[in-house]
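Undergrad: Based on the provided sequences and hints, a complete structural model is requested.
Okay, here's what each chain looks like letter by letter:
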Amino acid sequence: MQDEPRPPEILAAVAAFLKGAATRESGPHIAFQLRVCANATEICQRQLETAPAAEAAELDRLRDLLGRDGDLFSLNQELAARIREGAMDLAWPGLAEHLWATTLAKLAVDQPNYSGYRAALAERGPPKEP
Amino acid sequence: MAADDPASAAKSAGEVLAEGLAGVVRRHFGAASGVANVTRMTAGATQEIWRFELVQDGHHTPLILRRAPGGERISVTAVGLETEAELLRAAAAVQAPVPAVRHVLTPEDGLGHGFIMQFVEGETLGGRIVRDPRFADVRPRLARQCGEILARIHAIPPTAAPNLKHATPAELLAQWRASYEATAWPRPVFDLTFAWLAARVPPPAAPRLVHGDFRNGNLIFRPDEGVVAVLDWELTHIGDPMEDLGWICANPWRFGMLDKPVGGFGEREDLYAGYEAASGTPVDRAHVRFWEVLGALKWGVMCAGMTATFRAGDPSVERSVIARRASETEVDLMRILAP
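The listed protein sequences correspond, in order, to chains A and B. With the working numbering applied, the first sequence covers 324 to 453. With the working numbering applied, the second sequence covers 22 to 360.
Treat the hints loosely; a few may be bogus.
Simulated restraints, written as ranges between beta carbons of each label pair [unchecked claim]: (1) A:PRO449 / B:PRO183: 53 to 63 Å; (2) A:ASP383 / B:GLY35: 56 to 66 Å; (3) A:LEU382 / B:GLY143: 45 to 55 Å; (4) B:ASP158 / A:ILE333: 18 to 28 Å; (5) A:ALA404 / B:PHE140: 45 to 55 Å; (6) B:PRO154 / A:SER397: 50 to 60 Å; (7) B:THR63 / A:ILE333: 33 to 43 Å; (8) A:VAL337 / B:GLU297: 51 to 61 Å; (9) B:ALA333 / A:ALA345: 22 to 32 Å.
If you want the footprint, here are the derived chain A segments under chain B, 3+ residues with CB under 8 Å [claimed, not checked]: (10) 347-360; (11) 433-443.
Rather than coming from a laboratory, the hints here were simulated on the basis of the structure. This structure is a prediction, so every number in the text was calculated from the model and none was measured. Quick reminder that beta carbons are idealized off the backbone N, C-alpha and C, glycines included.
TA: If you want it as structure tokens, here you go:
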């Protein structure tokens, strides 16, 4: 068992340092790069916090949709192939719901302030707990 | 790099370029000419942009040098700087607002590939165009103005510059699908979008000159006049003119103002009205929609491709974060395809 603090807590502290003291004492070019670094750190932090539950739920939905077992990557490959070949489209029961849940889970990690994500949350309501 | 080379370490890239430019202006702008305040504006991957002042009889005229990176590195996707200069001249000939080309670099100039153009005063930052109160008065006029300008650009003869790429909508769709497949990372939302697009491919149009990157961010605006210059002609090609109308409506160029589809500042019908009035050609709304969705998808495929660049060529934090922006496109596409 690895000790505390947990990685997301440490990354949150790194991001706060990059955005605070480090930025104040830097010139404009480095300050921009520090903002990018803080953003990257926060992506990792959010992924560590939310991806395990979100990806477990995604795997369950993929198994239901495709009617077979497999890992996340190979089932996503299969879903992509079925859509590409026209074997599945938005009329397929559960497909739109699955793609929405997966997409919102990705945005919650990558860019929770993205305008299109905020608009989708406002239009659809917050995502259900997995 | 320069640090390993004592001779070049003594002079910065800016100093070397300033010396070269001084020679260029003496040869082409008069023996008494000089340069001052040579400043690099961007460190773009496909182009260098330098601002400098031409000094003649005590007068300082701001000018821009667009140059291939290091003078020589040629992008495989861009048309090439000599062609870009020809396109700017052709655009000026049809009264499209563009910076005037002052000089195209020659081999004897010793600065590689590039050209010198007029510096146009104004704002290019898309976020300011859509939000800054200085643009509040002119903002409602911008979409129509963009339509009128695109009509003029599409009137440039396709033969205005040599060797422009020509692709049908179906060929472009196949090229982008290949780029997506090369990322070897499944994104079912992209597959869904390719299927949506494949069912809606417009018939090949009469070939026209297409700007290829006409969007908020590549235009110079002023609070009084609106659009005063169209920049970045490096993706110009021959194809379906509706592509340009769709691209400026794609979500990545709305800078967060999602309810203003044209560049985050205007309405679709104003864009179309300006285009139809200036060109006499009716706009097929469904074809524009095809290009808008393909435009959003293209941006997503480009972001997704950044993972390979990050791993193989540019291991910068910034590159890794851009790769993670591909999911923005997925939510944009879901809002269009499965609202």
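Undergrad: So, for every hint listed, does it hold in this structure?
TA: Now the hints, each set against the structure:
1. The hint said 53 to 63 Å for the Cβ distance between PRO449 (chain A) and PRO183 (chain B), and at roughly 55 Å that hint holds.
2. Distance hint for ASP383 (chain A) and GLY35 (chain B): a CB-CB separation of about 58 Å, consistent with the stated range 56 to 66 Å.
3. The hinted window of 45 to 55 Å between LEU382 (chain A) and GLY143 (chain B) holds, with their beta carbons roughly 51 Å apart.
4. Against the hinted window of 18 to 28 Å, the Cβ-Cβ separation of ASP158 (chain B) and ILE333 (chain A) comes to about 50 Å, which falls outside the hint.
5. With their beta carbons about 52 Å apart, ALA404 (chain A) and PHE140 (chain B) fall inside the hinted range of 45 to 55 Å.
6. Distance hint check for PRO154 (chain B) and SER397 (chain A): the Cβ-Cβ separation is about 53 Å, which falls inside the suggested range of 50 to 60 Å.
7. Checked against the given bound of 33 to 43 Å, the beta carbons of THR63 (chain B) and ILE333 (chain A), roughly 35 Å apart, stay inside it.
8. Taking 51 to 61 Å as the suggested C-beta distance range, the pair VAL337 (chain A) and GLU297 (chain B) conforms, at roughly 54 Å.
9. About 29 Å separates the C-beta atoms of ALA333 (chain B) and ALA345 (chain A), a value consistent with the hinted range of 22 to 32 Å.
10. Here's how the stretch 347-360 of chain A fares: 3 of its residues keep a CB closer than 8 Å to some CB of chain B, so the rule of at least three is met and the hint holds.
11. Counting residues of the stretch 433-443 of chain A whose CB falls under 8 Å from any CB of chain B gives 8; the rule of at least 3 is met.
Hint compliance for this structure: hint 4 alone is broken.
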